[in-house]
Structure formats: structure tokens, C-alpha cells
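S.K.: Here are the chains, one letter per residue:
2 protein chains.
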Amino acid sequence: MSISTSPHSHFLLRKQNQNHFVPKTVSAPVSLPSSRPFRPIKIKCATQIQTQDPHAARAQAQAHAQERVFNFAAGPAILPESVLLRAQSELYVWPGSGMSVMEMSHRGKEFKSIIEKAESDLRTLLQIPPEYSVLFLQGGATSQFAALPLNLCAAATDPVDYVVTGSWSDKAFKEAQKFCKPNVVWSGKAEKYTKIPPFGELKQNPDAKYLHICANETIHGVEFKNYPTPKNPNGVLVADMSSNFCSKPVDVSKFGVIYAGAQKNVGPSGVTIVIIRNDLIGHAQGLTPVMFDYKIHAENNSLYNTPPCYGIYMCGLVFEDLLEQGGLVEVEKKNQKKAEILYNAIDGSNGFYKSPVEKSVRSLMNVPFTLEKSELEGEFIKEAAKEKMVQLKGHRSVGGMRASIYNAMPLAGVQKLVAFMKDFQARHA
Amino acid sequence: MSISTSPHSHFLLRKQNQNHFVPKTVSAPVSLPSSRPFRPIKIKCATQIQTQDPHAARAQAQAHAQERVFNFAAGPAILPESVLLRAQSELYVWPGSGMSVMEMSHRGKEFKSIIEKAESDLRTLLQIPPEYSVLFLQGGATSQFAALPLNLCAAATDPVDYVVTGSWSDKAFKEAQKFCKPNVVWSGKAEKYTKIPPFGELKQNPDAKYLHICANETIHGVEFKNYPTPKNPNGVLVADMSSNFCSKPVDVSKFGVIYAGAQKNVGPSGVTIVIIRNDLIGHAQGLTPVMFDYKIHAENNSLYNTPPCYGIYMCGLVFEDLLEQGGLVEVEKKNQKKAEILYNAIDGSNGFYKSPVEKSVRSLMNVPFTLEKSELEGEFIKEAAKEKMVQLKGHRSVGGMRASIYNAMPLAGVQKLVAFMKDFQARHA
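Chains A and B are the protein sequences, given in the same order. The opening residue of the first sequence carries number 1 in the UniProt record's numbering; numbering runs sequentially from there. The opening residue of the second sequence carries number 1 in the UniProt record's numbering; numbering runs sequentially from there.
Note that these hints are calculated values from the structure, not bench results. Please note that a few of the clues may not be correct.
For identical chains, the list gives no copy identity; a pair is met inside one copy or between any two copies.
Claimed, not checked - When the alpha-carbon atoms are kept at most 20 Å apart in a straight line, the in silico SDA-like pairs for lysine to any residue are as follows: (1) Lys109 - Glu379; (2) Lys178 - His283; (3) Lys171 - Leu303; (4) Lys181 - Val290; (5) Lys109 - Lys382; (6) Lys192 - Glu299; (7) Lys171 - Gly286; (8) Lys382 - Glu110; (9) Lys354 - Gly200; (10) Lys109 - Met401; (11) Lys112 - His395; (12) Lys248 - Glu320; (13) Lys178 - Gly286; (14) Lys254 - Asn232; (15) Lys359 - Lys382; (16) Lys373 - Gln285; (17) Lys112 - Lys373; (18) Lys178 - Leu287; (19) Lys174 - Leu287; (20) Lys174 - Asn300; (21) Lys174 - Gly282.
Since we're looking at a predicted model, the values are computed, not measured.
So here's chain A without its partners, still in its complex pose (with noise of 0.2 Å):
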């Protein structure tokens, strides 16, 4: 197995061999708008060296591509390079605007055409069909822990199903419990959350408004591979898709709602994406908060207020980089391979590392594992890091260690960590 020793050195800006592009960092005097005296700020970024001696610059190159870590954190997360780099060229001055996307305003055409173009990309990846609004919100998945029943109960006194696999599902059941009345179906709690329920154990009302699972918990890395069918024909399934949002295909037409933080898969923490059928829409409990009312969001596009219009611009700039890896299909057969060769580790291990999710069930995101020696945990985190990388200690309230290895993972960084599990192995048997 090859393994590059430098994370992102198949990343650096290349241009034939004689010219080198290698990042530098010049410190620059600097006057301020306000007349204020010279001071020096440092501004890093992509400056062309011309040089005869490739070797120096690939060097130089490689000091700096080392500046970059893999993060496996749960998310907010890695994004991929080519986004930031992208976001980086136009954070001063988005081409033709003369201002920066944060200075746009969220009425303006230059912002419109960017929120619309995120939604079009968003309903090409995800097949959505026409007759679903898609909202960009504000306040996590935690706000719509509330906004779901409160949107989807005529009244308090309406019955609705969770599923409980994990610490997501059940936060998101105790706060529907202020706005309706929800039951737990099933709740893999006795197990430590380890399993996805077989659908016919789950124990449905028939009358439940809606049948809500969490499609991939963050914490305890199981998640689900199909989707069951409410029970009640009148109801519908609900999904939060936080962490394996746009990570693989989905059939959106089964869902009536499906939820996710962006930070995960699609961009920085701040932007909610709710995907919900319009038949779904204008039914709010009378006190429900303005910004929790998917109405008043889905007739005014996403502009009632002032969106966070930043982030739904990165979400778009991911978007846009998974269609153009070839959509979702591929996506996930890379999600597929880059977990592969993880739980291949973790499982050939003998034990000295172990998952402890049913096999069946495995997240192809968030990769919970233990060592049997749990003393030397700390010292695989802190060896992980001082290799760059980061970000590998498991969820406080589980212990042992995660690796997340969401969309913008590389595969590099997968194989690198495997590399290091089976070195580490081998030194600390």
C-alpha cells in the first residue's frame, strides 16, 4: 500500500514542471481604511515561483502542504480542498459583484442566483422530486427537533412514532414531547445503540402523524441501510440525514420530511436543509415561532429573513464539486470503499481494535472504535496527531475513539489512518 506521507500533497497547484505554484506567507504592510498608522498583517496564500530546481520546490511545497491536518472530526468537518480554495480566491471580491458574499445582500441578484443555484444543484444530486420545497434554515437539527411536530400536529394531544437508535434520535423525541405526543417505537438503548431494529419489531400506532428515525447517528455510528413504511397510510416518514446527508443516493419520494445540518457532508456549521413535501406545508400549530413555521419559509425561498447567506453559498460550492465527481452514485462508492479498508482494519485486528456496531448496520461515516488495551487510547491519540491526524477521540459521553470519514475525506487520509492503526498495533500488541 502506498501511502503519501504528506496529506494533501496530491492537492498542491502544479503547472508542468518547471513552473511550481507553492503557497508563501508575505507580511505585508498594510494601510487601513481608517487612516490608522501601518501595521503588519500576514497574508498566506498562492504565489508563482519561478524556479530551475523542481526538487526546492517541491520542498517547499511539501513544508506546506503539511500545514494541512486530515480531520476526522464528527462536524463541523473536513471540507474538500478544492472548496476552500475556491471559497478562499472569492471571499474579497466574488467575481463580478466588487464585494464579498458576506457583504452581499440576501435580496440582491448576485445572491439570489447563488441560493438558487444551490437549490437546483441540491434537487439534480438528490433526484428531489418537483413536488418538494427545499428551505435553507437557521439553528441545527435541534430546531427542528421542535419544528417537526409543531408543523406536523394540528395539536398537542397528536400521536407520533420515534425510533430510537441513538443520542440524536432521542434528543430529537424528548423535545417533541412539548408538542405532541410522541412514543418510542423501539429504542436500542439496552444494546448501547449498536443496532438498527429489523422494521417488523417496531411497534407503530397506527395513528402516529409521523414516523421519525435519525438515518445515521453521529455518535454511535449506526445507520440505516432502508427505510421503514409508517404504519398509519396518512402518515410519513421523517428523517434527520445530518450526518450521511448527500452521502449516497436517497429516495427522497419516501420521506414527507428529511432534515440536516450541513456541517457534516455539505458545508460549515449555521445552514439547516429541510427538504419537505408541499402538502406537508401550512399546517403550524398556532404558537409556533415565525422562524419555525416551514410556510412562512417555503413562499418567501428561504428569504423571510436574513438567511446565513455564507454558508448556503459553501454548501452550494460543495454541491456543485459532487456533481461534478459524477453525483451521488460515485460518492458512495467511494464512502463504501474508504469504510471498507477501515472496518477491514478494524475487524483483522484480532481484537486488538473493535467495533462494536452490529456489522449490518455500520455507519460508512462515523467510525466508532475501542482498543482492547483502553489505557493506550490516549497514547493512539496523541501519536495520531503528531502524524496530523486529528480529531479521533470518540464522543465524551462513549468513550473509546471515532473516526469520521465524511464525503471530503479522501481516501488518502483513510488509508494513512489505517497504516497508522497497524503500526501502532504492532509496536503496543
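Fit chain B to the supplied structure of chain A, relying on the hints for placement.
M.R.: For chain B alone, kept in the frame of chain A given last:
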């Protein structure tokens, strides 16, 4: 009066005479992480050009400088150029972290240092007393319209008072009707929201839990120059300061709650800042969504769920910039100067331009004005845009023009607008 024809030439990176930093666009083939075929992406950034010809360099620099416009938008709005350049320089890798701020775990030490510094700098700027909490939230002021009564009223029957001086205080009042018994103690509607009332005219309820004001009405351009006192000795003053937040010193101790969307004076959209006296925290109504409960956010230092990390980082850069300018006393002086020359130009136009707002309460931030010959408004906006002054159209609800001249609008921008107004008048009087 000397006016630069190049809006931002005062800001070009410059280092003595022989070294000119001029921005340059380079097009480089980039190898993408997914091993896709090379494709060219544009990286635009400041590149050091060694030249013996300062004139040529200056010409290049001016050509680039003209890419940026003076943006008079009401929000999202102009940001300080130094802040944008710093953000650009740090976007790909935040120094020492190996990743972008957008990729950082909100629970990691790097982001904690960012949010803690942002809070600390804001506390310094506004001299926030220690018995107040600072919260970085999502959802805009519109979310606070609901959160305020949900947190400050024990029951939906509690009376509260609203001063309605424009569209925003009216929206706040209407949303509060869902969660308490709000009473309009004064309305400027009959006079088209051009006044702030003498405080003696406020028909306050002695039992009102709070007295709500909008400190600066973004659409109508009226601004409180001092603040009323709640009649109820146990009540508190609550202010929406979205559009004049950090534009001048404020005695925070006069308020129970100050809240502000960041996207006018202190950052991009997607961040809402709440400054709240600690004894007001912890009394939310039972049906308060968890995301609207100040206690949850205060106890978790704004990290209960994933906050809008990048927006908070940007606010932090702005706070740092405001402190470097000498703090809010100095900032207010600049804002007064800018507003003075703009209002003088309007008042000195022999009625060609008109400000509808009563002189004593004119906003230093948002300056609506009309043309006596209203048929020329379209032409005014079109010609201004050609001169790289954009977003001067008044809000659709009131028409006319509006120049928003927030902290980040340089004096040169207002000077250029005033010169244009005089020239336009000379040609069309």
C-alpha cells in the same frame, strides 16, 4: 474636497516605493483529492510583483481596486476590508490548526479560543458588566422576537410593552402576541415612522415584564439617542440593536436584554448576539423550544449544539478591528462625521433631496431620502451603480433611496456619494 476615484486605493498593499503588492489572477491546473482529471480553477490573490516601474504597478493596482464597490446595503452589509483580507489569508488554514475555521470541531481548543476571544473583545468594547451573559446564537432577531417573551414571561398572560417606531419593532410586537400579552405603548405609524416619542408619552403598563424598543429602525432610519426607563420597577428594558450594534458606546446596565443580528455592523448573517442580565435567565415557559431557551445556551457557553462557527470567527475579527480603531468612542466619532456630511448634503440641496425623518432622531446608520422629482430615482440608482456605489434603493415598503453607512463604510464612500449627489442634482435640477 478630494475624492478618490478608486474606491479602495487607500487599502492596497504597499511596501515602500520599489515593492508593490498588486493582486493578480492566476489560473492553475489543480489535482483534486478524488483523483479526478486536472481542471483549471482560478485562484485570485495578492501576489508580490517586483517592478522598477511604480506607475505601471499603480495602474495595475487601481485596475484591481476598482473591482470592489462601495456597498450601501442595509444588511448583509459592507465589512472592513482589513477583516476580509485577514479572513481570506486564514481561510484555507487557520494558523497552527492545519484546517479552516469552517472545519473545526466546535468543542476543540482552537475554536474555543476563537469564541472566547470574540466574547472577551465584545465585553471590552461595550464594557459589559460581569453580571451579564453574552450568547452567540442563530436565527436572527426574528427568532428573538419569540425567544424574548418565552424567556421573560412566566405565562402567556403576562403583560409587556412595545414602542413601535418602525417595521422591526412592529414585527417584534406581532410575534410576541403568541407568547404573552404585548401592548403598544406608542406607535409612529400615523406619521410614517419618522419619529421617536418623548418618553413621557409612552403609556406604560406598571406591571409590564419588559419594555421593548428597536434602538435603530433599519428601514425607516429613526434611532433612539437615549433610552426610556420601564415604569415597572421590576421590569426591564429590552432592545433590538441589530442595526446600530457596536456603532457607539452603550450603557449596557440600563438594559435587561440587548440583541442584534450580526449582519449590519459586526459580521456576516447567521449570527445573533444576545447580551442578557443573568437573573433573567432560567425562567423560560414550559413550551419553549430548547433552542430558544437562554438558560441552555448560557450554561453551555453557546455550545449546546453546533454554533455558527465561521460567523462567530468573523465577528471576532470585526471586534478586534473595532478595538484597534480605539473602541466605540472613536467609532462613534467616525459615524457621526459620515452621517453629518450626508444629512448636510440632503438638507443643503434646496429640496432636491429630502430626509423624511425628524432631525433629532435621524439614524447614524441608515439614511433614507427621497428625490423631489421622484421620477429620477431610477436614474439616480443606475448612475450611482455605474460609479460603483450600489444598493442605494430604499426598502420596497417605503421606496425612495437609502444609504446604509455602517461602521465599515469608509468616510471616502460617503464623500463619494455626496459628490455624486451634488453632481446629479446639477445635471437634473
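S.K.: Each hint should be assessed against the structure and marked as holding or not.
M.R.: The hints, checked one at a time:
1. Lys109 - Glu379: between (53 Å within a copy, 19 Å between copies)
2. Lys178 - His283: both (17 Å within a copy, 16 Å between copies)
3. Lys171 - Leu303: This pair counts as between: shortest inter-copy Cα distance 16 Å, intra-copy 28 Å.
4. Lys181 - Val290: Answer is between: at 17 Å across copies they meet the 20 Å cutoff, but 22 Å inside does not.
5. Lys109 - Lys382: Answer is between; shortest inter-copy Cα gap is 15 Å, intra-copy 49 Å.
6. Lys192 - Glu299: Neither, since 42 Å and 27 Å both go past 20 Å.
7. Lys171 - Gly286: Close across copies (17 Å), not inside one copy (24 Å); limit 20 Å.
8. Lys382 - Glu110: Between. Shortest inter-copy distance 16 Å satisfies the 20 Å Cα cut-off; intra-copy 46 Å does not.
9. Lys354 - Gly200: neither (29 Å within a copy, 72 Å between copies)
10. Lys109 - Met401: Classified as between; 18 Å across copies, 46 Å inside a copy.
11. Lys112 - His395: between (38 Å within a copy, 17 Å between copies)
12. Lys248 - Glu320: Intra 15 Å, inter 42 Å, cutoff 20 Å: intra-copy only.
13. Lys178 - Gly286: For lysine 178 and glycine 286, both the intra-copy (14 Å) and inter-copy (8 Å) Cα distances are at most 20 Å.
14. Lys254 - Asn232: Within. Shortest intra-copy distance 14 Å satisfies the 20 Å Cα cut-off; inter-copy 55 Å does not.
15. Lys359 - Lys382: neither (28 Å within a copy, 64 Å between copies)
16. Lys373 - Gln285: Close neither inside one copy (53 Å) nor across copies (48 Å); limit 20 Å.
17. Lys112 - Lys373: neither (54 Å within a copy, 31 Å between copies)
18. Lys178 - Leu287: both (12 Å within a copy, 6 Å between copies)
19. Lys174 - Leu287: both (19 Å within a copy, 12 Å between copies)
20. Lys174 - Asn300: This pair counts as between: shortest inter-copy Cα distance 19 Å, intra-copy 30 Å.
21. Lys174 - Gly282: Close across copies (19 Å), not inside one copy (24 Å); limit 20 Å.
Taken one by one, the earlier hints fail for this structure at numbers 6, 9, 15, 16 and 17, listed in ascending order.
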